[in-house]
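Participant: The primary structure of each chain is shown beneath.
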Amino acid sequence: VRKMNKTTPVAVWSYLVVATLLEWTLAKNFLSLTTIYTNIVIAVLAASQILSVAMVFLRLKYEPRGIVGLAAASLFFAVLAVVLALGSIGH
Amino acid sequence: LQSLQTGKSKSLSAYWELTKPRIVLLLDFTALMAFLVAASTINIVRLVAVIVAGTLASGGVGALNCYLDRDLDRTMGRTSRRPIPQGEVSPVHALVFGLALFGAGIVVSAMLQIGLPLSSYFVTTGIHGAHVLAGIFLIIYLVRRAATGGFYAERYGTVENFNLYWSFVNCVWLVVFPLFYLL
Numbered sequence: 004v005r006k007m008n009k010t011t012p013v014a015v016w017s018y019l020v021v022a023t024l025l026e027w028t029l030a031k032n033f034l035s036l037t038t039i040y041t042n043i044v045i046a047v048l049a050a051s052q053i054l055s056v057a058m059v060f061l062r063l064k065y066e067p068r069g070i071v072g073l074a075a076a077s078l079f080f081a082v083l084a085v086v087l088a089l090g091s092i093g094h
Numbered sequence: 044l045q046s047l048q049t050g051k052s053k054s055l056s057a058y059w060e061l062t063k064p065r066i067v068l069l070l071d072f073t074a075l076m077a078f079l080v081a082a083s084t085i086n087i088v089r090l091v092a093v094i095v096a097g098t099l100a101s102g103g104v105g106a107l108n109c110y111l112d113r114d115l116d117r118t119m120g121r122t123s124r125r126p127i128p129q130g131e132v133s134p135v136h137a138l139v140f141g142l143a144l145f146g147a148g149i150v151v152s153a154m155l156q157i158g159l160p161l162s163s164y165f166v167t168t169g170i171h172g173a174h175v176l177a178g179i180f181l182i183i184y185l186v187r188r189a190a191t192g193g194f195y196a197e198r199y200g201t202v203e204n205f206n207l208y209w210s211f212v213n214c215v216w217l218v219v220f221p222l223f224y225l226l
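These protein sequence lines are chains C and X, in that order.
Note that the numbering used here has the first sequence beginning at 4, numbered continuously upward.
Note that the numbering used here has the second sequence beginning at 44, numbered continuously upward.
Everything hinted at is true.
Sample of chain C residues facing chain X (criterion: CB under 7 Å; computed from the structure):
| no. | residue |
| --- | --- |
| 1 | 26 |
| 2 | 42 |
| 3 | 45 |
| 4 | 52 |
| 5 | 53 |
Don't read these hints as lab results, they were simulated from the structure.
Yeah, the Cβ is synthetic: ideal placement off N, Cα and C, and Gly gets one too.
Model the full assembly from the supplied sequences, consistent with the hints where possible.
Facilitator: Given below as structure tokens:
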């Protein structure tokens, strides 16, 4: 089992704060109905936040590969469910 | 195996009895008649949703009634055969079952009332808020237990499990925030 560096949780928490502020700024100043690029950047930022929490706070970085594969498969189906649900909500 | 199956079906039957199905049927019949009289055109989806919401809510209230009257029920011949006095369902299980059914009925009713997009918002943020609230209570419990020396190097499983729960709730928020408040 690999040990976590003491500064890692603080670094991840700081990244979460910075990324959230960046998402909010992008949504406030650049979000429009004519372009989807801002939406994509916000979605990528949110995905990177989730990945960092999953890797460090949910310990995936320190788990055996089998567990990581299982988590990735679960994430795939969770994203699929959200995307399909969005289609239903929109109509 | 046969005794296990018998036990399971007996347990299911006890939970079914908790909902007071005959009263639920009567209420559903009343709701159906009111719907048919009031609606100018019959929307089958709405009709089914009304029946489902009514069944869940009234069944839940029936179970809550059994929970609240559990002491009185023991003293009267007719009600002493109900699942809680008979020991087939514990009072706590009846309470949780009743609240869950009633909550599900309210959710279905809310979806009928406000439409799918808004109800999705309220259901998602409401459930997330409930998890955050539960997490706050757990943090208070953990801090109090830690202050009295409840955790040490060989015994920290509860803290570790809470960390997994809280981090997962965090992940959910990271989806909910941009989805509902930014995009």
